[in-house]
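Undergrad: Keeping their order, the protein sequence lines are chains F and Z.
In this text, residue positions in the first sequence follow the numbering used here: the first is 470, and each later residue adds one.
In this text, residue positions in the second sequence follow the numbering used here: the first is 1345, and each later residue adds one.
FYI, nobody ran anything at the bench for these hints, they're computed from the structure.
Predicted model only: the values in this text are computed from it and were never measured.
Keep in mind that the hints are not guaranteed to be accurate.
Said to hold, decoys possible - Using 20 Å as the maximum straight-line C-alpha spacing, the simulated SDA-like pairs for lysine to any residue come out as follows:
#1 F:K698 / Z:G1548
#2 F:K698 / Z:H1564
#3 Z:K1578 / Z:A1549
#4 Z:K1550 / F:S695
#5 F:K723 / Z:P1527
#6 Z:K1519 / F:E684
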Amino acid sequence: MDLSQVLEIASQSDAGRVRSHNEDSIACDPAMGLVVLADGMGGYNAGEVASGIAVTLISSGMKEVLKRIDPARKDAKNGERFGSRMLRDQVIAANSAIFNAAQSKPEYAGMGTTLVAALFYDDRVSVAHLGDSRMYRLRGEQLDLLTHDHSFLQEQLDRGVLTPEEARVSKHKNIVTRALGVEQDVEVEVGSFDILPEDIYLLCSDGLNDMLEDEEIRFAVHTLRSNLKLAANQLVELANDNGGRDNISVILVKVKQGFAVQPGLISKLMTSFRK
Amino acid sequence: MSKLILSLDGKTLKEYPLDKERILIGRKPGNDIQIDNVAVSGEHAVVITILNDSFLEDMGSTNGTKVNGNAVKKCFLQKSDVIEIGKYKLTYIREDAPRPAPDFDKTVMVRPAAPPPRPAMPAPAAIPAMLPSSVSIQSDAPPEKTLPPPQIRQGMAAIQLLTGPSAGRELDLVKNLTTLGKPGVQVAVITRRPQGYFITHVDGAKPPALNGRVLDLQPHPLRDHDIVELLGIKMEFFLK
């Protein structure tokens, strides 16, 4: 199913004001309904390599698998949508590829990347993430964070060691506890959410949300929701105006109308027989 | 940037930013701070500024230089010090330059020995908890302490409607983003940035006009007394 008529996507990636180069990588495919954002880490240019591999492999892998499998189908055993499962499989495959590349070349040793990837299908969105790259949803006037950072800071918050106020000024902001390509095995967190027309989804690297309060993000996206490209541009500018201390990447996805899968002929027939 | 404020008998005369390493004070022309008074020597004193610190040095003047009432030859200036040269006073206003951005290290990953359990309920804030025991940071340098984002200082500005039923009404631009217009018809946004105010076309088939010229898709800087035309209404942007 081609979703380019129902999804509007705008994105921007910027090195920021301090860093000399951009280690973030992004990919958007409105037809597939796939958006991927990765924030690379590791010495020299290895961060870019890791985030680049992640984004490229997940995009191409999803393209292949979507040709064969309908993401709306449900697993008979656990009820999980295939969309969530294929996203997880592709992330795991990318993890192995980055890990092996890091093992094979000394200059890539220790490289890795955070990741947030979302697949839209059948009035749903599945989101896979690792590390502190995030996905938010603007619905009406409300902004909600749909991912839960895998970071040292978030763990401290979860355990009540830190208050949110203390967390804001913590020096451990950039320590993640999960990432792609750092270890042989990876535990991918995958969530799945219903979508509504007019929802706007924001995927971002920590260069955005470390520089801006959630309320500033909400206000900018809500105010400029009729011009997504400008909204993406504005978010990057605001983060830069506040210091721009890290690479800043944003992907905005607006749902123009619902895209539920029409019931197939067989299930229609089945329904009519049951009547 | 720090500065000196020149005053005479309690009346402020002029402000001098300490924008170079040596600021000369004296009677003769050619001094950075020229005080044309017989009690002032031709080359009376100098203020040397290195980074955030400023020093005052008397250059062998006839009548001397005082700081907070005491005669000085050489003096490290502190906040609100008052330099006296003859009847003139120079008040030193120290303004710390914004501290350089901390060297944010790149994102790093730690591997706790075992994934820490996430409580089903948020734990009360007061309960102390142990940190993961074997935390290793994969980075050559620990991250520096984070500073809150620098506050954006920006002069106030406003929009005043010049025509239409609400002519005369003023709208203060107090937010980073202010939208004007009617959704779906014609919408513009005014953004407040450290380098000034900008207007950008957001929505609608016909972009608004700035000083009679129709906006393209790029942000345009707004200058004092610029005229914006939106939904057939003329409005003036001005700095307060």
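Undergrad: Does P1527 of chain Z lie within 20 Å of K723 of chain F when you go C-alpha to C-alpha?
TA: holds, 17 Å
Undergrad: Has the given pair, K698 of chain F with H1564 of chain Z, been kept, meaning a C-alpha gap of at most 20 Å?
TA: holds, 16 Å
Undergrad: Does G1548 of chain Z sit within 20 Å of K698 of chain F, going by the straight-line distance between their CA atoms?
TA: Distance of about 14 Å is within 20 Å: holds.
Undergrad: Is the Cα-Cα distance between K1578 of chain Z and A1549 of chain Z 20 Å or less?
TA: Roughly 18 Å separates the two Cα atoms, so the pair holds.
Undergrad: Hinted pair, alpha-carbon criterion (20 Å max): K1550 of chain Z, S695 of chain F. Please report holds or violated.
TA: Holds: K1550 of chain Z and S695 of chain F sit about 14 Å apart, inside 20 Å.
Undergrad: Just to be careful, I want the Cα atoms of K1519 of chain Z and E684 of chain F compared with a cutoff of 20 Å; is the pair within it?
TA: It holds: about 12 Å lies between the C-alpha atoms, which stays within 20 Å.
Taken one by one, the earlier hints all hold for this structure without exception.
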